[in-house]
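Chains as they are written, first to last, in this note's numbering: chain A, 1 to 268; chain B, 1 to 359; chain C, 1 to 246.
Be aware that a few hints might be false.
Estimated spans, in silico, between C-beta atoms of each pair [what the hints assert, rightly or not]: (1) A/A27 to C/S160: 41 to 51 Å; (2) A/S160 to C/I2: 18 to 28 Å; (3) A/I252 to C/D137: 21 to 31 Å.
In silico SDA-like pairs for lysine to any residue, Cα to Cα no more than 20 Å straight-line [as the list claims (entries may be wrong)]: (4) A/K91 to C/I2; (5) C/K208 to A/L213; (6) A/K190 to B/L99; (7) B/K137 to B/E147; (8) A/K190 to B/K68; (9) C/K76 to A/A8; (10) B/K113 to B/E128.
The following residues of chain C were derived to be distant from chain A, with all beta-carbon distances above 12 Å [said to hold, decoys possible]: (11) E33; (12) W42; (13) L134; (14) L143; (15) M167.
These aren't lab readings, by the way, just hints derived from the structure by calculation. Remember, it's a predicted structure, so these values are computed and weren't measured experimentally. Glycine included, each C-beta is placed from N, C-alpha and C at the ideal position.
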Amino acid sequence: MVRRSRNALLSLPFYLWLALGLIGPIAIIVVTSFLTRSPFGQVEWTFTLDAYRTLFDYLYLNLFMRSLGLAAGNTALTIAIAYPVAYYLTKLSPTKRTWLLTLILIPFWTSFLVRVLGFMEFLRLEPLGIKLLYTYFGVLLSMCCNYLPFALLPLYAEVSKIPRSVIEAAQDLGATRWQIFTRVFLPLSKRGLIVASMLVFIPSLGEFLIPDLVGGGRVYGLGSFLQNQFLSARNWPLGSATLSLMLIITFIAAKFFLNHESENEAMR
Amino acid sequence: MSGLRPEGLKLEGLTKTFVSDDGRLAGIKNCDLSILPGEGFSLLGPSGCGKTTTLRLIGGFESPDSGKILHNGQDITHAPPQKRKIRTVFQRYALFPHLSAFENIAFGLKTQKKSSAEISKKISEMSEILDIRHLLKRSIDKLSGGEQQRIALARALVTSPDILLLDEPLSALDLKLREKMQLELLELRKQLGTTFIFVTHDQQEAMVLSDRVGVMNQGQLLQVGSPEEIYFKPKSKFIAHFIGQTNFISADFISRLSGEREQILKFDYKSPEWMIRPENIDMRPLGTKIRDAHVGIEATVAEHAFLGQDRLTKVITACDKAILIKTPSHEKIVAAPGERALIEWEIEDTWCVEAETRS
Amino acid sequence: MIVFHFIAFLTLVFLWSPMILIVNKGFSWTAVEALLRRDDIWHAFSNSLVLGLGASVTATVMGTFTAFSMSFSSSKTRVRMLRGLSFPMLLPEISLGLAQMAWFMSVGLSLGWTTLFFGHFVFLFSYATWIMKLRVDSLDWSLVDAARDLGASDMETFKSALLPQLMPAFGASVFTCFALSLDDFLISFFVKGMNQTTLPIQVYGMLKLRIQPEIYALSLFLFCISLAGILIAKVCYPSAKSKLDF
Chain A
1 MVRRSRNALL SLPFYLWLAL GLIGPIAIIV VTSFLTRSPF GQVEWTFTLD AYRTLFDYLY
61 LNLFMRSLGL AAGNTALTIA IAYPVAYYLT KLSPTKRTWL LTLILIPFWT SFLVRVLGFM
121 EFLRLEPLGI KLLYTYFGVL LSMCCNYLPF ALLPLYAEVS KIPRSVIEAA QDLGATRWQI
181 FTRVFLPLSK RGLIVASMLV FIPSLGEFLI PDLVGGGRVY GLGSFLQNQF LSARNWPLGS
241 ATLSLMLIIT FIAAKFFLNH ESENEAMR
Chain B
1 MSGLRPEGLK LEGLTKTFVS DDGRLAGIKN CDLSILPGEG FSLLGPSGCG KTTTLRLIGG
61 FESPDSGKIL HNGQDITHAP PQKRKIRTVF QRYALFPHLS AFENIAFGLK TQKKSSAEIS
121 KKISEMSEIL DIRHLLKRSI DKLSGGEQQR IALARALVTS PDILLLDEPL SALDLKLREK
181 MQLELLELRK QLGTTFIFVT HDQQEAMVLS DRVGVMNQGQ LLQVGSPEEI YFKPKSKFIA
241 HFIGQTNFIS ADFISRLSGE REQILKFDYK SPEWMIRPEN IDMRPLGTKI RDAHVGIEAT
301 VAEHAFLGQD RLTKVITACD KAILIKTPSH EKIVAAPGER ALIEWEIEDT WCVEAETRS
Chain C
1 MIVFHFIAFL TLVFLWSPMI LIVNKGFSWT AVEALLRRDD IWHAFSNSLV LGLGASVTAT
61 VMGTFTAFSM SFSSSKTRVR MLRGLSFPML LPEISLGLAQ MAWFMSVGLS LGWTTLFFGH
121 FVFLFSYATW IMKLRVDSLD WSLVDAARDL GASDMETFKS ALLPQLMPAF GASVFTCFAL
181 SLDDFLISFF VKGMNQTTLP IQVYGMLKLR IQPEIYALSL FLFCISLAGI LIAKVCYPSA
241 KSKLDF
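Using the sequences plus the hints, can you model the full thing?
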C-alpha cells in the first residue's frame, strides 16, 4: 500500500529520535561509568572500574539500599491506599464514580511544584501533632500522595473488569468475605497490581524533588546523590555508574513488565 | 431441622421495587408462590417482568422490601447466599477465570472444609453424571459455551443443594445444543431429585423443562400451572398471546356462529374474548357441511407459509378478520391464495380469557 | 463497607488539603502584588510557554509521522518500535535528564536553548506518538478511497480525508504535551544553559531560599491555569471519559 521508500521517510523521525535522544545519551553514560575522574572534575579517557568499585563500597551501597527502600516503601504504601479506593470506586454508581475520580485527579492536573509546596505547607501544620516536615515519613507520605493516580488508574481498570457475577458465585458457594478476597478478588486483580507496582516503583527510584524539598536535604536519596555527583562533586564516572545501575534495574523491571503485557497482547 | 418432611420453597407477599437502568420502575409486587421439593419450575415472562429479581431474592443476592421466603419451613428472607442450601447457575456461568475446571467445581466443597479425598470422590461422581471428566484439567478460557455450562452445573450441584436456580441457562447456546441440554437437564433433575427453578423468556424452553410454569408480567405473577394448563387454559389475553400463537375472537362473533349463548355466560370476565389455537382449526373445501359440535365460517386464503413441520395459513373472513391456521405440512393444500374455503373448529377447543386493559 | 468510605474520604482530604492551603495563602493582596512585581518570574513563565508550545507542536508532528509509519509496518517492527517508545516513559526522569546533559556536552553542544528544546522534545515524543497512534489506528481509510475516487490529488486527499480526522487528536496531543512540558523540572534542570530558566526551575529556586508570599500567589495562579485547562479540555472533548482516552 505505501511504498517502502515512503515508509522509510516517515519512520526517519523515530529512528533519529531513538539514536540521538535515547541511545546516544545512554551509551555516553555507560561509557563514562568506565572512565576516570581527573583531579579537576573533568573526565579522563582511561578505562577503569574505579567508579563501580566505589559504588559497591558499603557506604554507597547503603545509600543505594536506602533509596530502594524508600521507593519500595512508597510503592507499598501507595498500593495499600489505591487498592481499596479502586475497589470502592467499582461499588459506586457511574455518576458518583466519575465524580470521585475527577475529584481525585484534579489536584494532579496542577503543576508538580505547586503540589510539593502544598505538601510542605500541609506538613508544616503538623496535622497529627507530630513533626512531619523535613522527616523521612513526611517524604514518604508526600511521595505516596503524589504517586496515587499511577497506582489507582491501572488498579481500577483491572478491578472494574471483574464481573459481579463471579463474586456472587463465590458467595453462593459459601465463601466468607475474607475467602472471597484472597481466593477470587486478589488473583483476578494480579495484573493490575503488577502494573501499578511498576508505575510507582521505577519513577520513585529516581525521585529527587520531594526528598530534596520536603526532606530539606535531610532525606538523602538517589536523586540527590546523582545531582550531587554530576554537578557539585563533579564525579561523573561515579554518577554514571550509579545511573547505569539504576538503568539496569529499570531495564530488568521494564522487561518483566513489558513481557507480561505482550503476553496479554498476544492472547487477545 | 433435619428429619422434617421437606416442604419446599414458599414465597409470601414478596415485594421488591427499584428503578432500573433505563429509569423504569421494576421489581415484583406481593408475590406468593409455593414450589414443591424435586419440582421443575419455570418463571416465564418478557424482560423486565421481575423474574430475575425473584430469582436473585431466592438466591440471597438481594433483600426484599417486604415479604418472606421460607425454605423447608425456615425463614431465609435475609440470610446471605453463603447460608442457604440453594445454589445458582448464573446466566454467563460466572466461572472463576483464574482456576481450572476442577478447581472451579471444588470451590464450594473447599469452603465447606471438605477433605481432599472427599472432594475428589464427589467431583468424580459428578463428572460421571455430567460427562465432563475429560474437561477437568482445562482452564476456563479453553472451554466452549456448552462445556462451560456443564462445569457451572457441576460446580453448583456437587455441593448437594436442595434447590438449584438457573438464570436463562440455555440462552447462550445455539439451537441444536439447546435442544440437547433441555433433555439432559430434565434427566439430571429426575436423577438427583433436586428442585430446579428456571428463569427464562423462551416459552418453549419453559414448557419442556418444567412440571409447572409461573407466568409473570410487570412484577406480578399472573398464572401458575402445568405447561398444558398454561397453554390450553390461559387466564388472560396476555398469557395466551405470550405462549405460542393464537387467534382472538369477540364474543358476539362466536354467538352469531354458534347460537350457544349459555357457554359465553359461564365465564364472568369484564371483557371476555375467545381464543382458538391455530392448530385446532381445520380447513375444508368450500361448501362442505359443518360437522356436529363444530363452528365454521367461510374465508379467503391470504397466504401460506412453510415452516418445516407445519404450514401456517392466514385467512381473511368476510368481516375482514384475519385468522391463523396451522396444519401439518404434509397435508394437501385445500385452497390456494385468493380462493375461498371453509374453516371450522370444535366449540370445546375455544377458551375464554380476560382481555386486560393496559395499565 | 464503612471502612472503605473512610479510606476514600481520607484520601480526598490528603489530596486536597495541600491545594486548599495554598489557595488560602495565595489569595492575599500582598502576595498577588508581590507576584506582579517579579519580572524574573514572568520572564521564566514566558520562556516556559514558548518552549512548551514549540516542543509540543514539534513532538506532535513527528509523532504523527511515526504513528503513520507504525501503521504501515509489519507487526514485528511495530512491536519493536512500541517498545522503544515506551522505554523512556518508564525511566525515572532524572536519568533521562542527566544522560541528555552528558550526551550534549560530549558532542560539544553548549547548554542553551537548543539543548533545552531538544531535551523537552525527546521526552514529549513518546507521549505524542502514543496519543497520535491511538487515533491513527482507528482512522477511517475509506474516506481516502472516496477522495481518490473523486479525483483528488495526494495533497487534497490528505487535507480533506485525513487531516480532519487527525485534528482532534492533534489538539489533544499538543495540549497534553504542553502540560507535561510546562510542568517539567528534572530534565530542564540539567539540560538548560547557565542563564536560562523555566517556570518550574524558578519556583524551585524560590522554594529553596525562603518562603516568600509571591510563591503562594504564583501557585494559586498556576492552579487556576490548570483548572482552566481542564475546563477547556472538557469543552473541546466532552465525550472523553478521562484524560487517558480520546
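Each hint, compared with the structure:
| no. | hint | result |
| --- | --- | --- |
| 1 | A/A27 to C/S160: 41 to 51 Å | holds (44 Å) |
| 2 | A/S160 to C/I2: 18 to 28 Å | holds (22 Å) |
| 3 | A/I252 to C/D137: 21 to 31 Å | holds (30 Å) |
| 4 | A/K91 to C/I2 | holds (12 Å) |
| 5 | C/K208 to A/L213 | holds (7 Å) |
| 6 | A/K190 to B/L99 | holds (13 Å) |
| 7 | B/K137 to B/E147 | holds (13 Å) |
| 8 | A/K190 to B/K68 | violated (40 Å) |
| 9 | C/K76 to A/A8 | holds (16 Å) |
| 10 | B/K113 to B/E128 | violated (23 Å) |
| 11 | E33 | holds (19 Å) |
| 12 | W42 | holds (16 Å) |
| 13 | L134 | holds (15 Å) |
| 14 | L143 | holds (15 Å) |
| 15 | M167 | holds (19 Å) |
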